[in-house]
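Protein chains in written order, with our numbering: chain A, 1 to 248; chain B, 249 to 496; chain C, 497 to 744; chain D, 745 to 992; chain E, 993 to 1240; chain F, 1241 to 1488.
Everything labelled a hint here was simulated from the structure, so no lab data went into it. On a predicted model such as this, the values are computed, not experimentally measured, just so you know. Please note that a few of the clues may not be correct.
Claimed, not checked - In the DSSO-like style, the derived pairs of lysine-lysine whose C-alpha atoms are separated by at most 30 Å in a straight line are:
1. E:Lys1014 - E:Lys1135
2. C:Lys639 - C:Lys518
3. B:Lys328 - A:Lys80
4. F:Lys1473 - F:Lys1296
5. D:Lys977 - A:Lys52
6. E:Lys1074 - F:Lys1322
7. C:Lys518 - B:Lys328
8. F:Lys1262 - D:Lys766
9. B:Lys481 - B:Lys328
10. F:Lys1262 - B:Lys330
11. C:Lys518 - E:Lys1048
12. F:Lys1322 - D:Lys766
13. F:Lys1322 - F:Lys1473
14. B:Lys328 - C:Lys552
15. C:Lys548 - B:Lys330
16. D:Lys887 - D:Lys977
17. E:Lys1048 - E:Lys1135
18. A:Lys82 - E:Lys1135
19. D:Lys800 - D:Lys977
As a plain string of letters, each chain reads:
There are 6 protein chains.
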Amino acid sequence: MRADGRQPDELRPFKVTLQPNKYAEGSVLIEAGDTKVLCTASVDERVPPFLKGQGKGWVTAEYAMLPRATQSRNQRESIKGKQVGRTMEIQRLIGRALRSVVLLDALGERTITIDCDVLQADGGTRTTSITGGFLALALAIHKLSGTVSFARYPLADFLASVSVGVLQEQVLLDLNYEEDSKAKVDMNVVMTGAGSFVEVQGTGEESPFSRAELDGMLGLAEQGIRQLIAWQKDTLGDAGIRIGEAKR
Amino acid sequence: MRADGRQPDELRPFKVTLQPNKYAEGSVLIEAGDTKVLCTASVDERVPPFLKGQGKGWVTAEYAMLPRATQSRNQRESIKGKQVGRTMEIQRLIGRALRSVVLLDALGERTITIDCDVLQADGGTRTTSITGGFLALALAIHKLSGTVSFARYPLADFLASVSVGVLQEQVLLDLNYEEDSKAKVDMNVVMTGAGSFVEVQGTGEESPFSRAELDGMLGLAEQGIRQLIAWQKDTLGDAGIRIGEAKR
Amino acid sequence: MRADGRQPDELRPFKVTLQPNKYAEGSVLIEAGDTKVLCTASVDERVPPFLKGQGKGWVTAEYAMLPRATQSRNQRESIKGKQVGRTMEIQRLIGRALRSVVLLDALGERTITIDCDVLQADGGTRTTSITGGFLALALAIHKLSGTVSFARYPLADFLASVSVGVLQEQVLLDLNYEEDSKAKVDMNVVMTGAGSFVEVQGTGEESPFSRAELDGMLGLAEQGIRQLIAWQKDTLGDAGIRIGEAKR
Amino acid sequence: MRADGRQPDELRPFKVTLQPNKYAEGSVLIEAGDTKVLCTASVDERVPPFLKGQGKGWVTAEYAMLPRATQSRNQRESIKGKQVGRTMEIQRLIGRALRSVVLLDALGERTITIDCDVLQADGGTRTTSITGGFLALALAIHKLSGTVSFARYPLADFLASVSVGVLQEQVLLDLNYEEDSKAKVDMNVVMTGAGSFVEVQGTGEESPFSRAELDGMLGLAEQGIRQLIAWQKDTLGDAGIRIGEAKR
Amino acid sequence: MRADGRQPDELRPFKVTLQPNKYAEGSVLIEAGDTKVLCTASVDERVPPFLKGQGKGWVTAEYAMLPRATQSRNQRESIKGKQVGRTMEIQRLIGRALRSVVLLDALGERTITIDCDVLQADGGTRTTSITGGFLALALAIHKLSGTVSFARYPLADFLASVSVGVLQEQVLLDLNYEEDSKAKVDMNVVMTGAGSFVEVQGTGEESPFSRAELDGMLGLAEQGIRQLIAWQKDTLGDAGIRIGEAKR
Amino acid sequence: MRADGRQPDELRPFKVTLQPNKYAEGSVLIEAGDTKVLCTASVDERVPPFLKGQGKGWVTAEYAMLPRATQSRNQRESIKGKQVGRTMEIQRLIGRALRSVVLLDALGERTITIDCDVLQADGGTRTTSITGGFLALALAIHKLSGTVSFARYPLADFLASVSVGVLQEQVLLDLNYEEDSKAKVDMNVVMTGAGSFVEVQGTGEESPFSRAELDGMLGLAEQGIRQLIAWQKDTLGDAGIRIGEAKR
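Take these sequences, add in the hints, and give me the full structure.
Spelled out as structure tokens, the structure:
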């Protein structure tokens, strides 16, 4: 049993508020336990310079934490004058992950920017940003499909992410901050609805890990992501949104 | 009658959620119509270098808008590499206004930082930040008073702010974004519970204004702020918080 | 009687040197007591991106202090790597104020940049920058009118600014640095030749102020600005420059 | 057979020049095919602020590419004014990986900085930096042990890294730039001499990958790293350097 | 005969206003033809970190041009976010040159900062800054000597600088902007009162120059600097300031 | 006799590796004693904005030192967020010097960027960068001439640079770091194959120097550069490269 009463293979309660923002093409407030992330998807009818004139679209992400999202206040990156390494690493991961399920050719020359702003952080902010960012993206593409007639539906599959780790010789699913700070290994996994891996990032700075531990973590992550994707399907289904048949 | 059905001297519906953030010493989510600002108050047991060793405290504020708080997405200031002039101007105003009701000597050598992050903007974000920031500050000082025994209660009075303007020859209270962008004059007023002025900032870039218009705006602002402060008293009173008798 | 021998409602001696700079389209060295500001107006036959193709012009201002303009030396903003909040706030104010008397449509697609560089600071640098910046602007537009035939004269009215404040229960006009640093309220007022308000910015961080004090300050400011505008008229008149009849 | 004649499970020729730099405490020029990285280890008898007074040491890494290390010239980060996201991500990875085999307590209050400067890039610059950075670190600690008497030898194990990927349905070891740019999956693995994992980072942005592909890549990486560590042992052994018996 | 009527070996008219700034320990407004530089010397009773505790002083310089000091307006370096290469090069030169005549040991642990702000530029701004900066420095040290009793007078000698160049096969002294922009060689020379060289910087980017031309320029520079130093002596002598006998 | 056994007028051993970089159009690794600089020449078929449409080319240089090129480690400029003054000064010098022997009109609308990255520094890094940068430039133009048919060969002459100085009353050629740090005067000279001066930069911050010392240094520099240019001719000749007959 874990400090918050969960089983080792149990996700935290997930909650979502659809369209909390009246301006964004897609938006969700996603909560995983006490971690709260506001994800907005903004559609811009232009692409970055390196894609101009190729008929392809682009999906990118930005990530930030409010100064008091954490136990002690952090200085704003606007005052530091730059985004720190951790921020860049995370937003690059979110962007890559989301692009993996978007048919950029089908999207056409437009950019969708997913902003993930962490209002409160209690572990798993990057994985929750991916799971929530996918929902915001799906809402925006759904909205776009009302005005643009896509030859193929640009969203190819579902996508979700979860963290796993090893703490006191036990493999745990969906670590909160306290668990995460004590874990000897920490791993983030991103998978598609079809059950393929998009990202696997495991780090054993505190203590290297064995192949058996790696396999244990991968198994638990697969199981957790399957639940998250089922929950995403229900959430979008209730809102009348269906991911297109298009296969990549 | 105004586009949203209000009378010229009518405030938008104000709403507050107390303590939405589990880490901050004080926090509120304040809503004025569709403007939503998350205000947190963080206590730090240190003061800035220029105050060290004087036995005095400090109150300061920071302000930011999420990228999609507005109709079209704005670039993050962390990516621009600096805060823009508008941001600096606003957070300097919020900080000055809040300090005017704090007895810095009584607070002792500690800093309270008020972060005002605009989740959604529909006009009046700076005045709403002041009104909400005051509540977060009051909650934090109330919490502090549970562990620190202050010789005098460091919060001397209530404080609220509202915008007024002149649109089509009519003086209006609490402008929303649409009204604000058409107004010929725009004025922000900050007042204390005792009815004194803390800040008066009127700008007639589009069209200079007369003394009569100025007087009209000041009158409407006084009336609106009186209502806001009554509402603040109720809000804090319901939470069992009373501003000390201490006079400045 | 004030420390420098002035009456409460008395301006400091104002002095101006016209065209001290041989390159700028308009320039003045303005002195208000010991405050000295070099103001240049530079005409550029382009407009910022947001105005392109609209047939309108633009007026903008920049403000800076030389490192030793003040009692103790300040670090250069070029070395800090950015303009500080105070600088941005002031130059935004100067720009807004000057634009209020310019007919941007009449000016045509060109930008006039007013640079206000404080050589020596003894209080009132922002108000002196506005009063002097107006003169530089008027000289530049006058010079422009020699080569461009404007349908309407682009300068609609005179403009000047002064500070007022409350010190030891007395309302004072045109505060020097020593008075300013002790005043409980500080207010900057900008008005046109027609007697309308363009900006009213009063701050009572040290001590909130009453409506009566506000009215007293506004009255004194009106009187001081009237004198400044009479002096501006003489100054320009002596130089053979007359502001056009055009009404806004 | 691969374009450069290698078998799928074949490393590129590895070459090392020990101590090419006369100032650094440890330095190597490592070459993996046409990828050339100069790694220096600099010892500083201080630790970062967050470690002061704890009796522990620190190991950190910085990574950069010379402007013409690549096919077309890249702008210097000193001119951009900041390190880009990719750089930060890589140097954070190198630092974490190297720290995993250092006994920071045993090292004492000193910092070792590993600089990895890529002179020529042909794929695998981050994994080659880790493999070479380890050698520079080992040389520096060996040198330190000549003057400092460590209670335990601060280097606990060997460490090396290699990339693996999937290209045209085939799992390949140690991709060069051309292979890397065409691969559907790209994975970097870091392991210790004891055969444990320190980092596993797999990315399938172009195309998600299956568990079978993941297992194939992990197997190939293990085999490649075993060879690299054997080569590291020979290299250091020839230089008379033996990693201490100390276990973590 | 030159365009402005001068002989090839003739300086422009030099003019100086002593102590134009009421705050600085030393200040001069120096004019060389239409080039006008405001030089202030600020004394700070601290030294930079690298000199702490050595009992030595420091002299440093900063240089900037007002935006409209030149024919067309330049962007402020505070807005660019950094000083450009030309600025850094010039202020490093001014600082080095001035330090060469200061006995840093005799000065004691204090820093004198010479700010050279170009109000109007017509060629020779760096040499004029050195010549004027020396005067401001001398005034500041003279003032210091009124309150500090120096064992040796910290100013060892006079110092001045001038530019020379080759234009249409003729060697010219003290080039103005028009001459400078057409010259094939441009050289700045700094010398002491004793007739020694402190800096010699000749550049023939447009066209390499011969040893004979170099000798011609050096001769003319020596002659010009001798005149400037005589003028400095008169200027300071009239103000009752005498450079101490101290030899370096 | 000098500490390293050289005569006063003796160069350090010079060594060059041609084309150490497989991507750059021209590259050399140049060694002057223990000073090692990697110089690459990159051709870009565009020119900077200020040259667009004039049919002329451009040559520019950038300079940097690896963090541990020196005795103690230096912070990277990418982390400082800017290039320091010394770097800017040096790269401006290298660029100017190289441009002096290039016929920019003949080169056509293309830019050649010379990157000089110091791998190890032992004095004379700027002069070695010029001497080596010239070789990289010559290799790149030679390569270009294989595909572009130039009306005139764009490289007009050879170019090399050396430092000279005065140490203990003796004039020395090609100072190493130890000599340089003790020298009272330090001078860098750049000359063409035709024996003309391109740059002469002498600095006597520690101690002003006489005309006789200046003449002594110039003589020694001429002699050293003559040897360097002979060595450059051999080096390029062995590689089958001949500088065109074109005269400037």
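Agreement of E:Lys1074 and F:Lys1322 with the hint, judged by alpha carbon distance not exceeding 30 Å: 8 Å, holds
Is it true that the CA of F:Lys1262 sits at most 30 Å from the CA of D:Lys766? 26 Å, holds
Just to be careful, I want the Cα atoms of B:Lys481 and B:Lys328 compared with a cutoff of 30 Å; is the pair within it? 40 Å, violated
Would you mind confirming whether the straight-line C-alpha gap from D:Lys977 to A:Lys52 stays at or under 30 Å? 50 Å, violated
Assess, step by step, whether the Cα of F:Lys1473 is no farther than 30 Å from the Cα of F:Lys1296, and give holds or violated. Holds, at about 27 Å.
Check whether the Cα positions of C:Lys639 and C:Lys518 lie no farther apart than 30 Å. Given pair C:Lys639, C:Lys518 holds - Cα atoms ~13 Å apart, limit 30 Å.
Decide if the proposed pair is consistent with the structure: B:Lys328 and A:Lys80, CA atoms, cutoff 30 Å inclusive. Holds. B:Lys328 to A:Lys80 sits at ~11 Å (cutoff 30 Å).
Pair hint outcome, F:Lys1322 versus D:Lys766 [Cα-Cα no greater than 30 Å]: Judged against 30 Å, a Cα distance of about 27 Å means the pair holds.
Need the status of pair C:Lys518, B:Lys328: alpha-carbon distance at most 30 Å? Distance of about 36 Å is beyond 30 Å: violated.
Does B:Lys330 lie within 30 Å of F:Lys1262 when you go C-alpha to C-alpha? 40 Å, violated
With a cut-off of 30 Å on the C-alpha distance, tell me whether F:Lys1322 and F:Lys1473 pass. 37 Å, violated
Checking one constraint from the list: CA of D:Lys887 to CA of D:Lys977, max 30 Å. Satisfied? 17 Å, holds
In the structure shown, a violation is registered for the earlier hints numbered 5, 7, 9, 10, 11, 13 and 18, in ascending order.
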